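Next come the chains, spelled out residue by residue.
Number of protein chains: 2
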Amino acid sequence: MNVGFLQLKPKFGAVKENVRAAKSLLKNMTDATVVLPELFNTGYLFRSKDEVERLAESVKSSYTVGEMKKVAQQQKLNLVFGIAEKKSRKFYNTSILVTSKGKVFSYQKAHLFDREKLFFTAGTGAFAVHSVDDGKIGMMVCFDWFFPEVARILALNGANVICHPSNLVLPWCQDAMRTRSVENRVFSITANRIGTEKRGNLSLTFTGHSQIVDPKGEVLAKGGERSESLKVVEINPADADDKTVTPNNDLFKDRKVALYKPLLRKPG
Amino acid sequence: MNVGFLQLKPKFGAVKENVRAAKSLLKNMTDATVVLPELFNTGYLFRSKDEVERLAESVKSSYTVGEMKKVAQQQKLNLVFGIAEKKSRKFYNTSILVTSKGKVFSYQKAHLFDREKLFFTAGTGAFAVHSVDDGKIGMMVCFDWFFPEVARILALNGANVICHPSNLVLPWCQDAMRTRSVENRVFSITANRIGTEKRGNLSLTFTGHSQIVDPKGEVLAKGGERSESLKVVEINPADADDKTVTPNNDLFKDRKVALYKPLLRKPG
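Protein sequences appear in the order of chains A and B. Just add 280 to the spot in the first sequence (first one is 1) and you have the working numbering. Just add 280 to the spot in the second sequence (first one is 1) and you have the working numbering.
No lab work stands behind these hints, which were simulated from the structure alone. Misleading hints may appear alongside valid ones.
One copy or any two copies: either way a pair holds, since identical chains are not told apart in the list.
[Unchecked claim] Under the rule of at most 30 Å between Cα atoms (straight-line distance), these lysine-lysine pairs were calculated in the DSS-like manner:
#, residue 1, residue 2
1, K356, K511
2, K523, K541
3, K291, K546
4, K536, K496
5, K366, K536
6, K383, K536
7, K478, K523
8, K536, K546
9, K523, K536
10, K340, K289
11, K367, K533
12, K370, K533
13, K502, K350
14, K478, K496
15, K541, K397
16, K496, K541
17, K370, K523
18, K536, K381
19, K496, K367
20, K370, K541
Keep in mind the model is a prediction, meaning the values are calculated, not measured.
All chains should be built: construct the whole structure from the sequences, respecting the hints.
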């Protein structure tokens, strides 16, 4: 199974231009699962709910999803990418998976970062896993990395490849995702964006360094800090189904769930 | 509050010699909380339950605990260290905390590594937190690091300094503990041992690189790969009580416990 990331520099508000740019960078790619950044079609720094309203799309009628689905089917790709979703008058920071067979799945980001809370509603869905080609794909979005619970649940739900569209601004995620891969024995693909986005008095610089990590924490491919890039490697997703750490340790069977009840305690 | 690690090379089976060596290295130290390695007094590579039986101690009558308690009281130290514990005909891989005021607390390792399972019983206690000087100390032992649940629960229980006696042989822990500190906003002190232990046809090389990590993942002090060392730094444990990540994010309040139920699912 070929998996990769497309590291991009979206232009705020220019949905069609951003989708066209992504399609152009993908044009010679076939037979692969490729992860794009969070909110890759809209840009990140919304200043008002009106802006979100204007750029958010319903998954079913989404221009972006429609275009990406065509690419996926024509080029035998599975594509994971972030959009601003509109649903029942609410907005979600959503990751979409479109498969080479035309199926569409979505995950609404559960852990919103900073000012996203002003505009988006947190997702409350299960952390679903989708069988695609040889892989079992789970999705999480950007700041979800901060919560080890997310990757853990995806792995417990059977994911062997975690796809992670991101717009990273904190310095820790890339290292932490290596730990997420090790502690769950899964592949992880973090697709980050690059560039500085300035909007009024707001400004954020995204850290690039997208990466593909194997179940033992090795970085199989890495993007630069400032350049767009598409990198794809071949993996065997089944490598992540073996949770053996030593002859006497199975990562999941060794979990002491009877001791973990405090994890569900409500914050005081 | 001064916190540190004492990185050692224990000699298998030589309890009194190992305790003496630790006391000697600590002899000029005062007014600090110092973490020593897992099983620092016995060595690691037990070949039979008889060997464990011979070297394990009841906490109450333990020579090691008694000696360390004297040092702690005389030198105003809090000491965290690993021993083989004997209790009701069972053996535990236990971390002890002795305080400068003569109190003794213990934690029985919950996640046993590899051949430890042949000899030791896994602990089933709560992940308790102990107020010591300005710090709230939680203990975990070596392979517990692999399970993000442990550091998470200690932090949820109020720990701001996680003390982590270890005998590390895998390559990932030091990086992972930086993630543990970041994702929980806690200080962590991993005290590893060094050296190669050969016993019959068994052999293990321990990786050194003990470390003290702050709540933002910075390594405040690090040991070498092959040398014994004692390093102490001054920290403000209260820095770890502030779980603010951004003006809109509080690490613990942001946890979506309603979504985390799969964490308690029994292994299939």
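Evaluation of the provided hints:
no.	hint	verdict
1	K356 x K511	within (17 Å within a copy, 56 Å between copies)
2	K523 x K541	both (23 Å within a copy, 21 Å between copies)
3	K291 x K546	neither (39 Å within a copy, 46 Å between copies)
4	K536 x K496	both (22 Å within a copy, 28 Å between copies)
5	K366 x K536	between (40 Å within a copy, 22 Å between copies)
6	K383 x K536	between (37 Å within a copy, 28 Å between copies)
7	K478 x K523	between (44 Å within a copy, 28 Å between copies)
8	K536 x K546	both (20 Å within a copy, 9 Å between copies)
9	K523 x K536	both (15 Å within a copy, 26 Å between copies)
10	K340 x K289	within (25 Å within a copy, 63 Å between copies)
11	K367 x K533	between (39 Å within a copy, 25 Å between copies)
12	K370 x K533	between (40 Å within a copy, 22 Å between copies)
13	K502 x K350	within (27 Å within a copy, 52 Å between copies)
14	K478 x K496	between (38 Å within a copy, 26 Å between copies)
15	K541 x K397	both (28 Å within a copy, 24 Å between copies)
16	K496 x K541	both (28 Å within a copy, 26 Å between copies)
17	K370 x K523	between (39 Å within a copy, 28 Å between copies)
18	K536 x K381	neither (40 Å within a copy, 33 Å between copies)
19	K496 x K367	neither (38 Å within a copy, 36 Å between copies)
20	K370 x K541	between (32 Å within a copy, 25 Å between copies)
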